[in-house]
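Visitor: Sequence:
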Amino acid sequence: MVAPEKPQPAPKTAQFAVGVRGYNQRQVDERLAELTKELRETSRSRDESVATAADLSKALAYAQKELSETKAALARMSSSPSGAGAMAERVRMMMQLAEEEIADLRAAAEADAASTREQADKYAHETRRTADKLAKDAEEERARLLQDAKAEIEKLNAAAGAKRVELAAAAERARKEADAKAEAEAAAARAEADRAASAELARRKKEFEEEFARKKQETEAALADARAKQASAEQNRKLALDLRTKVAERIAATDAAVQEAMRLLAPIEEGPADGDRKPAPAPKTPAKA
Numbered sequence: 001m002v003a004p005e006k007p008q009p010a011p012k013t014a015q016f017a018v019g020v021r022g023y024n025q026r027q028v029d030e031r032l033a034e035l036t037k038e039l040r041e042t043s044r045s046r047d048e049s050v051a052t053a054a055d056l057s058k059a060l061a062y063a064q065k066e067l068s069e070t071k072a073a074l075a076r077m078s079s080s081p082s083g084a085g086a087m088a089e090r091v092r093m094m095m096q097l098a099e100e101e102i103a104d105l106r107a108a109a110e111a112d113a114a115s116t117r118e119q120a121d122k123y124a125h126e127t128r129r130t131a132d133k134l135a136k137d138a139e140e141e142r143a144r145l146l147q148d149a150k151a152e153i154e155k156l157n158a159a160a161g162a163k164r165v166e167l168a169a170a171a172e173r174a175r176k177e178a179d180a181k182a183e184a185e186a187a188a189a190r191a192e193a194d195r196a197a198s199a200e201l202a203r204r205k206k207e208f209e210e211e212f213a214r215k216k217q218e219t220e221a222a223l224a225d226a227r228a229k230q231a232s233a234e235q236n237r238k239l240a241l242d243l244r245t246k247v248a249e250r251i252a253a254t255d256a257a258v259q260e261a262m263r264l265l266a267p268i269e270e271g272p273a274d275g276d277r278k279p280a281p282a283p284k285t286p287a288k289a
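In this text, residue positions in the sequence shown follow the working numbering: the first is 1, and each later residue adds one.
It is possible that part of the hints are untrue.
[Claimed, not checked] Below, a list of computed lysine-lysine pairs in the DSS-like style, where the Cα atoms sit at most 30 Å apart: (1) Lys136 <-> Lys122; (2) Lys163 <-> Lys176; (3) Lys150 <-> Lys163; (4) Lys58 <-> Lys155; (5) Lys155 <-> Lys37; (6) Lys136 <-> Lys155; (7) Lys133 <-> Lys122.
[Unchecked claim] Label-pair ranges, simulated between beta-carbon atoms: (8) Ala174 <-> Phe208: 18 to 24 Å; (9) Glu260 <-> Ala221: 56 to 62 Å; (10) Lys229 <-> Ala199: 42 to 48 Å; (11) Asp225 <-> Arg195: 42 to 48 Å; (12) Ala252 <-> Ala221: 44 to 50 Å; (13) Glu30 <-> Asp104: 43 to 49 Å; (14) Asp225 <-> Ala248: 31 to 37 Å; (15) Ala178 <-> Ala202: 34 to 40 Å; (16) Glu260 <-> Lys229: 44 to 50 Å; (17) Lys206 <-> Ala169: 53 to 59 Å; (18) Phe208 <-> Ala248: 53 to 59 Å; (19) Lys133 <-> Ala51: 46 to 52 Å; (20) Lys229 <-> Ala252: 32 to 38 Å.
Derived by calculation from the structure, the hints in this document are not laboratory data.
Every residue, glycine too, gets a C-beta built ideally from N, C-alpha and C.
Between the sequences and the hints, there should be enough to build the whole structure, so can you do that?
Guide: Below is the structure:
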């Protein structure tokens with residue numbers, strides 16, 4: 001019978017490389033993974049040893065069954081009258097050998113199982129203790145690294161705060177310089193705009209004055225022409241009035257002459273004597289317009 005493979009003894013605690021901020025975290029993680037794998041293999045070996053012990057127990061039970069069957073056969077053979085003594089001695093020897101073999105198998109199985117369990121338990125204990133120590137060391141290292149990281153973060157925050165203050169001051173200076181530059185540029189632009197506006201205003205004023213002078217000349221010329229036309233019209237009106245007066249006078253004189261002629265040409269009617277007859281009134285001269 002082949003004894004089951006025994007687990008290797010627990011390895012010593014590994015020495016890890018020291019980094020800038022403590023142990024190399026990758027090596028610690030790899031070692032923990034190896035120990036976890038070895039612990040699983042140890043548990044599997046222990047389970048296999050237990051299974052082997054169970055198989056040995058089954059073999060022992062089978063041997064005991066064969067022994068019982070042999071004893072029964074011996075009892076049957078003992079009852080037979082022919083060759084009973086020789087057969088009994090032979091069977092007794094076989095039974096003794098079988099019992100010794102069974103005892104050896106049982107002792108070997110029990111010893112092997114006990115040894116396997118002891119070694120497996122010891123290896124598991126050592127592995128677990130090593131893993132616990134590594135986990136504790138890793139936790140302490142993690143706490144230390146966390147503390148260092150917090151201190152570093154506080155340091156970086158302080159530096160960042162100082163940098164922010166410096167950048168804010170620089171930004172304020174830049175803003176003031178930009179405001180001053182923009183104000184100067186705006187003042188220059190306003191001055192240039194004022195100069196351009198003044199020049200444009202002067203140009204428009206000159207154009208307006210020239211246009212006003214031209215319009216004034218045109219207006220004065222038109223006014224002189226209108227006055228001349230008015231004087232001519234007034235003169236023509238006076239001439240027309242004089243002509244109208246003369247025409248009216250002539251018409252009145254003509255009318256008077258016609259009336260006189262009609263009176264003279266009218267037939268003499270009977271009536272009072274010529275001395276009593278009144279002369280006809282002379283026609284009125286029309287008034288001058």
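Visitor: If a hint holds in the structure, say so; if it doesn't, say that too.
Guide: Now for the hints, and whether the structure bears them out:
{"no.": "1", "hint": "Lys136 <-> Lys122", "verdict": "20 Å, holds"}
{"no.": "2", "hint": "Lys163 <-> Lys176", "verdict": "20 Å, holds"}
{"no.": "3", "hint": "Lys150 <-> Lys163", "verdict": "19 Å, holds"}
{"no.": "4", "hint": "Lys58 <-> Lys155", "verdict": "71 Å, violated"}
{"no.": "5", "hint": "Lys155 <-> Lys37", "verdict": "41 Å, violated"}
{"no.": "6", "hint": "Lys136 <-> Lys155", "verdict": "28 Å, holds"}
{"no.": "7", "hint": "Lys133 <-> Lys122", "verdict": "16 Å, holds"}
{"no.": "8", "hint": "Ala174 <-> Phe208: 18 to 24 Å", "verdict": "49 Å, violated"}
{"no.": "9", "hint": "Glu260 <-> Ala221: 56 to 62 Å", "verdict": "57 Å, holds"}
{"no.": "10", "hint": "Lys229 <-> Ala199: 42 to 48 Å", "verdict": "44 Å, holds"}
{"no.": "11", "hint": "Asp225 <-> Arg195: 42 to 48 Å", "verdict": "44 Å, holds"}
{"no.": "12", "hint": "Ala252 <-> Ala221: 44 to 50 Å", "verdict": "46 Å, holds"}
{"no.": "13", "hint": "Glu30 <-> Asp104: 43 to 49 Å", "verdict": "46 Å, holds"}
{"no.": "14", "hint": "Asp225 <-> Ala248: 31 to 37 Å", "verdict": "34 Å, holds"}
{"no.": "15", "hint": "Ala178 <-> Ala202: 34 to 40 Å", "verdict": "35 Å, holds"}
{"no.": "16", "hint": "Glu260 <-> Lys229: 44 to 50 Å", "verdict": "45 Å, holds"}
{"no.": "17", "hint": "Lys206 <-> Ala169: 53 to 59 Å", "verdict": "55 Å, holds"}
{"no.": "18", "hint": "Phe208 <-> Ala248: 53 to 59 Å", "verdict": "56 Å, holds"}
{"no.": "19", "hint": "Lys133 <-> Ala51: 46 to 52 Å", "verdict": "31 Å, violated"}
{"no.": "20", "hint": "Lys229 <-> Ala252: 32 to 38 Å", "verdict": "34 Å, holds"}
Violated hints, listed in ascending order, are 4, 5, 8, 19; each of the other numbered hints is respected by the structure.
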